[in-house]
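*Asks:* Sequence order for the protein chains is V and G.
The numbering of the first sequence is the working numbering, which starts it at 9 and goes up by one.
The numbering of the second sequence is the working numbering, which starts it at 408 and goes up by one.
Listed next, the in silico SDA-like pairs over lysine to any residue satisfying Cα-Cα at most 20 Å (straight line): (1) LYS76/V / LEU56/V; (2) LYS448/G / SER118/V; (3) LYS57/V / SER450/G; (4) LYS448/G / ARG116/V; (5) LYS448/G / GLY51/V.
Calculated directly from the structure, the hints in this document are not laboratory data.
As the structure is a prediction and not an experimental result, all values here were calculated from the model.
This is what each chain is made of:
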Amino acid sequence: AQSVTQPDIHITVSEGASLELRCNYSYGATPYLFWYVQSPGQGLQLLLKYFSGDTLVQGIKGFEAEFKRSQSSFNLRKPSVHWSDAAEYFCAVADNYGQNFVFGPGTRLSVLP
Amino acid sequence: GAVVSQHPSRVICKSGTSVKIECRSLDFQATTMFWYRQFPKQSLMLMATSNEGSKATYEQGVEKDKFLINHASLTLSTLTVASAHPEDSSFYICSASGTSGGTDTQYFGPGTRLTVL
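Go ahead and model the full structure; you've got the sequences and the hints to work with.
*Replies:* Set out below in structure tokens:
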């Protein structure tokens with residue numbers, strides 16, 4: 009069965025600083041990987057996903073993520089954080105049909121002015 | 408992109424009341440719908456998976472008699488929390504899966520906040 013870890017429970021960065029959120033997964037085959045963002049009291053918004061092909065994936069809102077099979081990682085990055093990026097971020101892995109989602113515990117991002 | 412709606416967005420009820428939450432795929436046919444529960448400051452946990460016209464498959468530890476799921480059409484699934492109690496208070500999120508360009512993926516609804524008094 010697949011599993012996901014997000015080592016950082018809470019990260020605080022200053023506005024304009026770069027950001028990297030870590031995600032490690034465990035899955036026996038090639039995974040489908042996702043990053044979602046959730047603002048307080050809201051549903052999930054898909055930032056980006058990786059199915060195959062180029063291991064550097066571009067998403068919405070200036071986010072990108074890189075799939076590294078050797079490290080079983082799919083870290084999310086943004087070169088310059090905006091105050092509106094403060095939210096909870098979830099990494100998820102699915103099987104090779106895009107089903108059976110398993111979510112990581114989430115990383116809460118705070119942004120200092 | 409694909410849109411999934413949930414209704415209601417928020418419900419407050421008395422203990423012992425049954426509550427129905429609807430999940431609709433607005434612009435695509437959802438062959439499979441998923442129901443998740445999210446407790447405060449926690450991640451999403453899959454409760455059950457339903458395929459249109461079939462009985463739902465529940466995850467271990469989820470009471471099928473308490474969380475009744477009906478997936479009557481390719482655009483609608485309902486979750487009924489039977490005789491809700493305060494410990495059922497949570498954020499319930501549905502997702503719907505269809506085939507888009509040959510790749511299935513899940514599209515998430517905005518969630519329903521249930522508060523049981």
